[in-house]
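**Q** Per my numbering, the sequence shown starts with residue 1, numbered consecutively.
Some hints could be false.
[To be verified] In silico lysine to aspartate or glutamate, DMTMM-like type, Cα no more than 20 Å apart, as pairs:
#1 Lys-269 with Asp-198
#2 Lys-312 with Asp-217
#3 Lys-218 with Asp-297
#4 Lys-263 with Asp-235
#5 Lys-100 with Asp-116
#6 Lys-103 with Glu-131
#7 Lys-24 with Asp-297
#8 Lys-312 with Glu-286
#9 Lys-300 with Glu-288
#10 Lys-300 with Glu-344
#11 Lys-312 with Asp-355
#12 Lys-269 with Asp-217
#13 Lys-218 with Asp-183
#14 Lys-241 with Glu-286
#15 Lys-218 with Glu-150
#16 Lys-263 with Asp-206
#17 Lys-24 with Glu-67
#18 Lys-202 with Glu-150
#19 Lys-328 with Glu-123
#20 Lys-218 with Glu-123
#21 Lys-263 with Glu-199
#22 Lys-263 with Asp-306
#23 Lys-241 with Asp-306
#24 Lys-232 with Asp-183
#25 Lys-366 with Asp-206
#26 Lys-300 with Glu-286
#27 Lys-241 with Asp-297
#28 Lys-312 with Asp-116
#29 Lys-269 with Glu-255
[Unchecked claim] Estimated spans, in silico, between C-beta atoms of each pair:
#30 Lys-100 with Gly-290: 40 to 50 Å
#31 Pro-170 with Glu-67: 18 to 28 Å
#32 Gln-338 with Phe-299: 12 to 22 Å
#33 Gly-96 with Glu-52: 20 to 30 Å
#34 Asn-221 with Pro-65: 53 to 63 Å
#35 Lys-291 with Tyr-28: 54 to 64 Å
#36 Glu-70 with Ser-128: 22 to 32 Å
#37 Ala-162 with Lys-241: 17 to 27 Å
#38 Gln-338 with Gly-233: 37 to 47 Å
#39 Thr-84 with Glu-52: 12 to 22 Å
#40 Ala-13 with Ala-162: 27 to 37 Å
Bear in mind the hints are in silico, worked out from the structure with no lab data behind them.
Positions of the beta carbon are idealized from the N, C-alpha and C atoms, including for glycine.
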Amino acid sequence: VNQQYVGIDLGSAAQVEPVVLSQKGGTYPAPFRLTLFTPTPGAAIRYSWNGEAPREDSGTEYKAPVEIKESGILIAQAFAPGLTHSVPVVTAYRIGASSKPAKTVTTFHIGNSLTDTVVPWMEPIATSAGETLQFHRFTIPGAPTDWLWEHPGSGFGDNRIAQAFLIHAPITHIFTQPFAGHDRNIANEADFSRRFYDEARKHSPDIQAWLYMQWPDKAFNDSWSKGVGATKGLDGVAPAKTWQGAIPNFLRYAEAVQARIQKGGYAGKSVRIVPAGAALATLKTEIEVGKVPGMSDFFKECFSDDLHLSAKGAYLVSLVHYSCIYGKSPVGSVSALQSGLTPEQTRIFGRIAWDTVRGYPFAGIKGAAKTTPIKVKTKR
Numbered sequence: 001v002n003q004q005y006v007g008i009d010l011g012s013a014a015q016v017e018p019v020v021l022s023q024k025g026g027t028y029p030a031p032f033r034l035t036l037f038t039p040t041p042g043a044a045i046r047y048s049w050n051g052e053a054p055r056e057d058s059g060t061e062y063k064a065p066v067e068i069k070e071s072g073i074l075i076a077q078a079f080a081p082g083l084t085h086s087v088p089v090v091t092a093y094r095i096g097a098s099s100k101p102a103k104t105v106t107t108f109h110i111g112n113s114l115t116d117t118v119v120p121w122m123e124p125i126a127t128s129a130g131e132t133l134q135f136h137r138f139t140i141p142g143a144p145t146d147w148l149w150e151h152p153g154s155g156f157g158d159n160r161i162a163q164a165f166l167i168h169a170p171i172t173h174i175f176t177q178p179f180a181g182h183d184r185n186i187a188n189e190a191d192f193s194r195r196f197y198d199e200a201r202k203h204s205p206d207i208q209a210w211l212y213m214q215w216p217d218k219a220f221n222d223s224w225s226k227g228v229g230a231t232k233g234l235d236g237v238a239p240a241k242t243w244q245g246a247i248p249n250f251l252r253y254a255e256a257v258q259a260r261i262q263k264g265g266y267a268g269k270s271v272r273i274v275p276a277g278a279a280l281a282t283l284k285t286e287i288e289v290g291k292v293p294g295m296s297d298f299f300k301e302c303f304s305d306d307l308h309l310s311a312k313g314a315y316l317v318s319l320v321h322y323s324c325i326y327g328k329s330p331v332g333s334v335s336a337l338q339s340g341l342t343p344e345q346t347r348i349f350g351r352i353a354w355d356t357v358r359g360y361p362f363a364g365i366k367g368a369a370k371t372t373p374i375k376v377k378t379k380r
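Can you make the complete structure from the sequences, with help from the hints?
**A** Shown next, in the form of structure tokens:
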């Protein structure tokens with residue numbers, strides 16, 4: 001009546017009480033038995049281990065204490081007829097010290113489908129070079145960093161992020177991916193990227209944080225390429241006249257985010273930047289001037305649609321990540337794998353990746369220029 005409403009909190013009269021665990025999440029020296037309980041009379045408990053949240057018809061029904069023998073994530077919910085199921089309880093358990101082989105590098109990548117670019121490549125690339133790399137990711141197609149932070153449990157990969165940071169520790173490198181498609185302001189990106197970094201540092205205090213900078217679509221029609229939106233007013237930013245000319249704007253955005261994180265009191269190692277788009281820009285120019293035998297059309301060779309990359313383009317971006325992670329050139333050590341590149345093209349791609357990384361001061365390679373921003377090659 002008269003557009004007036006009354007809200008009544010029914011609480012436990014309408015919803016099953018949450019599951020109570022006998023041991024809280026964390027690190028334990030040895031396996032143990034975990035007891036689950038709900039205060040709601042007659043409610044049934046179901047749980048999953050390293051899986052999705054259980055439903056009334058999925059997961060494992062709790063009948064006796066659960067033997068926690070290895071590290072993992074437990075999700076438990078309780079169900080009762082006529083009531084809404086309980087809020088899921090998500091808990092991570094780490095059993096014993098890390099059993100990773102010596103010199104193992106563990107990476108965690110957070111972003112959207114442009115982060116998915118490197119998913120099938122990083123471990124094989126490292127293996128081909130004689131390195132041991134454990135790759136983890138949390139991605140949601142099209143998502144900016146704030147959306148990823150606010151939607152744990154969705155998307156792909158290790159999506160229970162806080163719990164994953166515990167069970168996969170120590171993590172060596174963490175990557176977040178600012179995205180031009182949503183043009184988040186610099187304060188927003190710095191805030192939410194740092195939230196991921198700080199969460200990871202709870203269990204991996206020596207982790208190296210990275211901002212993974214991508215590239216514009218073929219039309220370079222986004223706000224960063226135009227020098228507007230979040231990039232407006234940044235030093236060195238101007239409307240791009242070529243695809244390659246948009247890359248410095250992307251890097252200036254990342255550098256502004258990095259500076260804000262550092263000035264905000266971030267306690268970890270100085271945040272670094274992966275100049276992936278810059279490597280693609282150099283490759284485009286070299287193809288256009290005839291320096292890459294067997295290639296004449298950059299977009300045809302390296303893109304699968306207006307924005308996403310083919311195997312060849314993804315291989316180059318993955319080589320840039322490799323160069324950043326290991327601080328060395330992939331030339332002569334990383335194989336072509338399933339990229340479809342010839343041996344000569346493989347060497348060229350490796351050279352471009354390494355030259356881009358070591359020539360960009362914010363990639364953190366020793367001996368790189370301290371203050372001069374990267375100069376992206378463009379066709380004259």
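**Q** Now tell me, hint by hint, if it's right for this structure.
**A** Tested hints:
Pair hint Lys-269 plus Asp-198 holds up; C-alpha atoms about 11 Å apart against a cutoff of 20 Å. Taken as a hint, the Lys-312 and Asp-217 pair is honoured in the structure, with Cα atoms around 16 Å apart against an allowance of 20 Å. Only pairs whose Cα atoms come within 20 Å are accepted, and Lys-218 paired with Asp-297 is accepted, the gap being roughly 12 Å. Between Lys-263 and Asp-235, the direct Cα distance comes to roughly 18 Å. Compliance with the 20 Å bound is thereby established for this hinted pair.
For the given pair, Lys-100 sits about 24 Å from Asp-116 by alpha-carbon distance, which is inconsistent with the 20 Å threshold. Straight-line distance between C-alpha atoms of Lys-103 and Glu-131 comes to about 8 Å, which keeps the hinted pair within the 20 Å bound. A C-alpha spacing of about 57 Å is found between Lys-24 and Asp-297, which places the hinted pair above 20 Å, so the restraint is violated. In summary, the hint linking Lys-312 to Glu-286 is supported, as the alpha carbons are separated by about 15 Å, within the 20 Å threshold.
Straight-line distance between C-alpha atoms of Lys-300 and Glu-288 comes to about 12 Å, which keeps the hinted pair within the 20 Å bound. A hinted pair counts as satisfied when its Cα atoms are at most 20 Å apart, and Lys-300 with Glu-344 qualifies at roughly 19 Å. With a CA separation close to 18 Å, the supplied pair Lys-312 and Asp-355 stays within the 20 Å bound. Between Lys-269 and Asp-217 the alpha-carbon distance is near 32 Å, which puts this suggested pair outside the 20 Å criterion.
A threshold of 20 Å between alpha carbons decides the hint, and for Lys-218 with Asp-183 the separation of about 17 Å falls inside it, so the pair holds. Between Lys-241 and Glu-286, the direct Cα distance comes to roughly 18 Å. Compliance with the 20 Å bound is thereby established for this hinted pair. Taking the CA atoms of Lys-218 and Glu-150, the gap is about 30 Å. The hint is violated against a cut of 20 Å. Taken as a hint, the Lys-263 and Asp-206 pair is honoured in the structure, with Cα atoms around 19 Å apart against an allowance of 20 Å.
The suggested pairing of Lys-24 with Glu-67 holds, with an alpha-carbon distance near 14 Å, which does not exceed 20 Å. Among the hinted pairs, Lys-202 with Glu-150 is consistent with the structure: their alpha-carbon atoms are about 19 Å apart, no more than 20 Å. About 16 Å separates the Cα atoms of Lys-328 and Glu-123, which keeps this hinted pair within 20 Å; it holds. Restraint check for Lys-218 and Glu-123: the C-alpha separation of about 29 Å exceeds 20 Å, so the hint is violated.
For the hint pairing Lys-263 with Glu-199, the CA-to-CA distance comes to about 18 Å; that is within 20 Å, so the pair holds. Taking the CA atoms of Lys-263 and Asp-306, the gap is near 36 Å; set against the 20 Å cutoff, the hint is violated. Taking the CA atoms of Lys-241 and Asp-306, the gap is about 18 Å. The hint holds against a cut of 20 Å. Proximity of Lys-232 to Asp-183 is assessed by CA-CA distance (about 11 Å); at most 20 Å being required, the pair is judged to hold.
Simply put, Lys-366 and Asp-206 have alpha-carbon atoms about 18 Å apart, close enough for the 20 Å limit, and the pair holds. A threshold of 20 Å between alpha carbons decides the hint, and for Lys-300 with Glu-286 the separation of about 15 Å falls inside it, so the pair holds. Between Lys-241 and Asp-297, the direct Cα distance comes to roughly 19 Å. Compliance with the 20 Å bound is thereby established for this hinted pair. A threshold of 20 Å between alpha carbons decides the hint, and for Lys-312 with Asp-116 the separation of about 14 Å falls inside it, so the pair holds.
The straight-line distance between the Cα atoms of Lys-269 and Glu-255 is roughly 15 Å, inside the 20 Å bound, and the hint therefore holds. Between Lys-100 and Gly-290 the CB atoms are about 46 Å apart, so this pair conforms to the stated range of 40 to 50 Å. Between Pro-170 and Glu-67 the beta carbon distance is about 26 Å. The supplied range of 18 to 28 Å therefore holds. Hint check: Gln-338 to Phe-299, Cβ distance near 21 Å, so the stated range 12 to 22 Å holds.
Under the hint 20 to 30 Å, the C-beta atoms of Gly-96 and Glu-52, about 26 Å apart, fit the expected range. A beta carbon spacing of about 59 Å between Asn-221 and Pro-65 agrees with the range 53 to 63 Å that was offered as a hint. The hint said 54 to 64 Å for the Cβ distance between Lys-291 and Tyr-28, and at roughly 57 Å that hint holds. Checked against the hint of 22 to 32 Å, the pair Glu-70 and Ser-128 passes, with Cβ atoms roughly 29 Å apart.
Our hint of 17 to 27 Å for Ala-162 and Lys-241 is violated, since their Cβ atoms are close to 44 Å apart. In this structure the hint that Gln-338 and Gly-233 lie 37 to 47 Å apart at CB holds, the actual value being about 43 Å. At roughly 19 Å, the beta carbons of Thr-84 and Glu-52 sit within the given window of 12 to 22 Å. A beta carbon spacing of about 31 Å between Ala-13 and Ala-162 agrees with the range 27 to 37 Å that was offered as a hint.
In terms of the numbered hints stated before, the structure departs from hints 5, 7, 12, 15, 20, 22, 37, listed from lowest to highest.
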